[in-house]
Every structure is written in structure tokens, then in C-alpha cells.
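> By my numbering, the letter at position 410 of the sequence shown is numbered 418, and the numbering carries on one by one without gaps.
Honestly, the hints are just simulated from the structure, not real lab data. Please read these numbers as outputs of a predicted model, since none were measured by experiment. Ideal placement from N, C-alpha and C gives every residue a C-beta, glycine not left out. Among the hints, a few may not be true.
FRET-style restraints, in silico, Cβ to Cβ [unchecked claim]:
no., residue 1, residue 2, range
1, Arg410, Gly24, 22 to 32 Å
2, Asp88, Ala389, 31 to 41 Å
3, Ala438, Pro51, 43 to 53 Å
Okay, derived cross-link-like pairs now, DMTMM-like style, lysine to aspartate or glutamate, Cα gap no bigger than 20 Å in a straight line [said to hold, decoys possible]:
no., residue 1, residue 2
4, Lys251, Glu273
5, Lys291, Asp321
6, Lys240, Glu208
7, Lys240, Glu250
8, Lys240, Glu270
9, Lys251, Glu215
10, Lys291, Glu326
11, Lys251, Glu208
12, Lys291, Glu97
13, Lys291, Asp320
14, Lys251, Glu270
15, Lys251, Glu237
16, Lys291, Asp88
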Amino acid sequence: MALRLHAPLVLPCDPGCSVIRDAVVDIDETGRIAYCGPRSAAPERPNDADVRECGGILLPGLINSHAHSPMTLLRGMGGDLPLLRWLREVIWPAEARLRSSDIRAGMELGCVEMLRNGVTTSAEMYFDGEAVASAALAVGSRVVCAPAVIATPELDKLGGWQGMVDGIDRWIDADGLRFGPGDRVELAYGPHSAYMLPPEALQTIGEAAQQRGALVHTHVAETLAEDVEQRKQFGSVPELLEKLGVLDGRVLAAHAVHLSNEDIELFARRGVGVAHCPGSNAKLASGTARLVDLLAAGVPVGLGTDGPSSNDDLDLWEEVQLAGLFARTLSGDANALSAGTALLAATRGGAEALHRDDIGSLEAGRWADIVHLDVDNPAFATGLDVPDEQILANVVWAAGSRCVRDVWVAGDRVLRDREPTQVDRRAVQAAARTAAQHVRG
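Please build the complete structure, drawing on both the sequences and the hints.
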């Protein structure tokens, strides 16, 4: 059945980040947007359309462009360690104990948490991709699922990197690049990093992904200490990926904190997307990406939470604010990142970083992934009859996830009054608690 949502305000997250007043969003029977604009110009609705009045604000679902959401089970572990010690001493030993059922439980919890924060899509890099994908489908979320490929003694049970790549190849060849209702699952390749894989592995993954039109989702230049050998030999990780041919296809570089001017120019020229993770990078003292310079160069930039054990939550609204705060602090310019630009990074920018043009904005033809913000909140106590700039400022700087009330994915209502509709939240939390106890031993 077709659906029409009417709201006092709609933020479609078009390139100009416009504000549409007294607006409607029409959703067709397939779950895609048929119209978004003023009610006065809306087409006549079908006789059987379900019309719903939504007080407040409608906007696209947020896109978490880099996450390891099953790590909800590891939240709080090793919280005061730098990245490489945290991984080797705490996280990888714990992950070696994970069962498929544990990963699914952790991912279901992560999906529920993200829906309650208005995140409809997450780009996941984690082990056991089938458990990750099935969890997202169960909750009703959208996921870009990149099974991790890594070579480290701590995770020997996973087998060699070639076997991991072969497994992804077979999965894509069997199920296709996208599947599930509303194309909710997209499959991708998740090589962990240049410092955890030999060049041969990166080249093999790049070739396999390009043959299938798949995304390569990898960590790049997160800390100064991680890729010293690669910089000595190749100049930088971006230059290494270029020489290996990886950048010939769709690439998402997570973090990208320590990039030179030449690296940024290379990413811009090759259309590489960047997932900016300000919260996790700050918590691990890794630094912060040069967001203003990346955007100025034309690099597609989205926002990511990273894992919920290094952030320690899956609240992308916090990343919107941190991205703006850090950009202004680093540049010394209060205009370095406007509220509208910050919001676009969490929506349209995330889609562009993932090389997707079917999500991230409320435009005809895109999937109807929609968030409803409740304005019965102190953040909007001054009302909605204020200038557009003030609306955007209040949404970005004052509202946050506490205002998320309802969420639709591909036209299906998957969050109602802050509770998931496809799963029981308390049962999901209980399953995650049991799984976490197993992981702790």
C-alpha cells in the first residue's frame, strides 16, 4: 500500500540542505519515495493511500559509514588503552571467543540501538558476515556488510586471508551484490588494513571487488604508529592502494586521519569515500581527520561511529556535533562547518562515501528511509516558525537522538514511539547479555 507522510517540516537533505514547510513525503508500494515537497504541489494521492500526520520534522535516515556494531558485546573493555594495544591485548583475544550466535546477538543489539538513534544504514566490517546480515534483516535495518579479512595470530581460527576472500566471492556470486526486502543488504569486501594484510592480499581483494562491482571498505591511516613500514616503502597507504590498483574500484577509507595534501588530492581524483569517525578517534587519541580540507578537495565524506567498544555508543548525532566542533577548533573558524553541512555528512554524504545514490536523501526514486523527530522537546521550545538557519542549528546542535520517535526503512515502519517493531528490545538485550557473558568467559 502507498503511504503519505505529512509534516510541518521536512529536511530532504538535498545539496542545498533546504527546509520544506507544510510538506509531504509520498512512498510507493515498492518502498521508494515517489514525491517529497510542499503539500500544495503534491500529486493527487491514490485512493488507497495510507495518510499519516507526523507532527515535527521528517528527514532521511542517518548513515553510519563505518561501524563494527557486533562489538556492543565488548563495550567498555580496555577503555583507556591506545588503539594498537587495545586491539592486541583486549579486543582480538575476546573476538577469538566469539561464536556465530554471539555475533548475531551483538549485531541485533547494535541495530536496535542505531534505529533508536535514527540510523537506518550502517557500513559494517566484521567477522561472520552472514550473522551480521541476518541480524540486520531481523531488526529491519539496512546494512552494507563487508566481512572482515585479516591476518593476525590472535585470530588464527578464522583461517588465512585467501580463504576469507574466497568466502566473500562465493557469497556475492550466489546471492548477488544486494538482496533482502528493499535491497536491505549490500555485500562488500572488508580488508582490515594495509598493516594487517600483505600487499598481495590487498591486490587480490581489489581485483575481486572490481570484477563484481563491490565496495572495498578498509581502515586507512587511523594512527601514526600503525603503518610505519607502509609509509617507508610506498610513501603512504593511499599511494600503496593506488599502486596495487585497489583505487580503480569503489573504495571507502575509514578514519583517514593522517593524510598528506597529496593523499587528499589522490582520494579526490579517484573518488574514494572517507568515513570520518571523530568520537572514536578522539577517545583513542588517534587525532582527527582534516574534514574541512577533505570537503574542499571534493572527497565524499560520511560520518561513522566506529565500534561501540571504542566510541562507546552508536549515536551518529554525537558524531555530527563532534565533526562540527573539531572542524571549527582545528581551523579557528566558527564558519568552518555549518549546521547544514554537518547534517549532510550524516545523510547524503554518507551515501556518497558508500558510492550509493539510492539512500541518504528524500528524493524521488530513493529508498524511503525516513526519521521522524518529535519536537515536543526543550530543543524546539521556541517553535518551528523561525528562520531556516535556526531550524538547522536546532536540529544539529540541540536536538540529538533523544528526539527520534519513529523510523521507516524502505517504507516499513521499524521504530514506533522509540521501540523497534520487528523484534522485542528487551529480548534482544537479554540475548546480548548472555552472549557477552560467554565472551568474557
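> Between Lys291 and Asp88, does the CA-CA distance stay at or below 20 Å?
Satisfied, since the Cα-Cα distance of roughly 8 Å is no more than 20 Å.
> Need the status of pair Lys291, Asp321: alpha-carbon distance at most 20 Å?
Holds. Lys291 to Asp321 sits at ~12 Å (cutoff 20 Å).
> Compare the distance between the alpha carbons of Lys251 and Glu215 with 20 Å, and conclude whether the hinted pair is satisfied.
13 Å, holds
> Mind checking the alpha carbons of Lys240 and Glu208 for me, to see if they're no more than 20 Å apart?
18 Å, holds
> Do the alpha carbons of Lys291 and Glu326 lie within 20 Å of each other, as the hint requires?
13 Å, holds
> Tell me if the straight-line CA distance from Lys240 to Glu270 falls inside 20 Å.
16 Å, holds
> A range of 31 to 41 Å was offered for this pair. Does it hold for the Cβ distance of Asp88 and Ala389?
Since the Cβ atoms of Asp88 and Ala389 sit about 38 Å apart, the hinted range of 31 to 41 Å holds.
> Mind checking the alpha carbons of Lys251 and Glu208 for me, to see if they're no more than 20 Å apart?
This hinted pair holds, its Cα atoms lying about 12 Å apart.
> CA of Lys251 to CA of Glu273, is that 20 Å or under?
Since the Cα atoms of Lys251 and Glu273 sit roughly 15 Å apart, the hinted pair holds (cutoff 20 Å).
> Between Lys291 and Asp320, is the straight-line Cα distance small enough, at 20 Å or below?
9 Å, holds
> Starting from the hint 22 to 32 Å, judge whether the C-beta atoms of Arg410 and Gly24 obey it.
27 Å, holds
> Assess, step by step, whether the Cα of Lys251 is no farther than 20 Å from the Cα of Glu270, and give holds or violated.
14 Å, holds
When each numbered hint is compared with the structure, no violation occurs for any of them.
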